[in-house]
Amino acid sequence: MSNTKESEWKKRERGALWKKQGQSQNYLTGVIKSLDDMGQEVKSKVIVFANKNKTSENAPDFIIYESKDMNQSDEASTDSASTDSASTDSASTGPDTNEEIPALLK
1 MSNTKESEWK
11 KRERGALWKK
21 QGQSQNYLTG
31 VIKSLDDMGQ
41 EVKSKVIVFA
51 NKNKTSENAP
61 DFIIYESKDM
71 NQSDEASTDS
81 ASTDSASTDS
91 ASTGPDTNEE
101 IPALLK
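Numbering (this note's numbering), first residue to last: 1 to 106.
Hints are computed from structural coordinates only; laboratory data are not their basis. Keep in mind it's a predicted model, so treat the numbers as computed, not measured. Worth double-checking, as some hints may not be accurate.
[As the list claims (entries may be wrong)] Computed list of lysine-lysine pairs in DSS-like fashion (alpha-carbon distance at most 25 Å, straight line):
(1) LYS52 / LYS10
(2) LYS10 / LYS43
(3) LYS43 / LYS20
(4) LYS54 / LYS20
[Claimed, not checked] Here are the computed distance ranges between Cβ atoms for each label pair:
(5) GLY39 / GLU8: 16 to 24 Å
(6) ASN58 / SER34: 33 to 41 Å
(7) MET38 / ASP61: 14 to 22 Å
(8) PHE62 / LYS33: 14 to 22 Å
(9) GLY22 / SER44: 34 to 42 Å
(10) ASP36 / LYS10: 16 to 24 Å
(11) THR4 / GLN25: 34 to 42 Å
(12) PHE62 / GLU41: 22 to 30 Å
(13) ASN3 / LYS33: 15 to 23 Å
(14) VAL42 / MET70: 15 to 23 Å
(15) TRP18 / GLU41: 30 to 38 Å
(16) THR55 / ILE32: 38 to 46 Å
(17) ALA16 / GLN40: 40 to 48 Å
(18) SER56 / LEU17: 31 to 39 Å
We put the CB at the ideal spot given by N, CA and C, even for glycine.
Start from the sequences, fold in the hints, and give me the full structure.
In structure tokens, the structure reads:
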């Protein structure tokens with residue numbers, strides 16, 4: 001019966017996050033899995049910061065951003081499908097630790 005529960009949780013898994021220590025705040029990096037229009041699994045690298053500008057109880061506690069490789073220029077990241085598949089493959093190896101903190105959250 002334990003295997004059934006583990007199998008159900010594994011089917012529901014949508015990614016993983018790792019805690020990181022930044023210079024000005026702690027944050028999370030990781031991978032979120034989703035399905036594309038063809039039903040194929042797609043992995044997206046993300047970075048999560050606490051919302052330091054929370055002005056009401058309805059405002060989110062954390063904000064999730066798409067992660068960008070700092071070594072890659074903006075042009076290269078939108079260049080071609082081969083670039084997209086390469087970044088998807090690297091997402092499975094773990095999070096990027098060279099992420100820039102958005103100005104909104106500093």
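Hints versus structure:
{"no.": "1", "hint": "LYS52 / LYS10", "verdict": "33 Å, violated"}
{"no.": "2", "hint": "LYS10 / LYS43", "verdict": "16 Å, holds"}
{"no.": "3", "hint": "LYS43 / LYS20", "verdict": "20 Å, holds"}
{"no.": "4", "hint": "LYS54 / LYS20", "verdict": "21 Å, holds"}
{"no.": "5", "hint": "GLY39 / GLU8: 16 to 24 Å", "verdict": "20 Å, holds"}
{"no.": "6", "hint": "ASN58 / SER34: 33 to 41 Å", "verdict": "26 Å, violated"}
{"no.": "7", "hint": "MET38 / ASP61: 14 to 22 Å", "verdict": "34 Å, violated"}
{"no.": "8", "hint": "PHE62 / LYS33: 14 to 22 Å", "verdict": "19 Å, holds"}
{"no.": "9", "hint": "GLY22 / SER44: 34 to 42 Å", "verdict": "21 Å, violated"}
{"no.": "10", "hint": "ASP36 / LYS10: 16 to 24 Å", "verdict": "20 Å, holds"}
{"no.": "11", "hint": "THR4 / GLN25: 34 to 42 Å", "verdict": "40 Å, holds"}
{"no.": "12", "hint": "PHE62 / GLU41: 22 to 30 Å", "verdict": "24 Å, holds"}
{"no.": "13", "hint": "ASN3 / LYS33: 15 to 23 Å", "verdict": "22 Å, holds"}
{"no.": "14", "hint": "VAL42 / MET70: 15 to 23 Å", "verdict": "22 Å, holds"}
{"no.": "15", "hint": "TRP18 / GLU41: 30 to 38 Å", "verdict": "20 Å, violated"}
{"no.": "16", "hint": "THR55 / ILE32: 38 to 46 Å", "verdict": "26 Å, violated"}
{"no.": "17", "hint": "ALA16 / GLN40: 40 to 48 Å", "verdict": "19 Å, violated"}
{"no.": "18", "hint": "SER56 / LEU17: 31 to 39 Å", "verdict": "25 Å, violated"}
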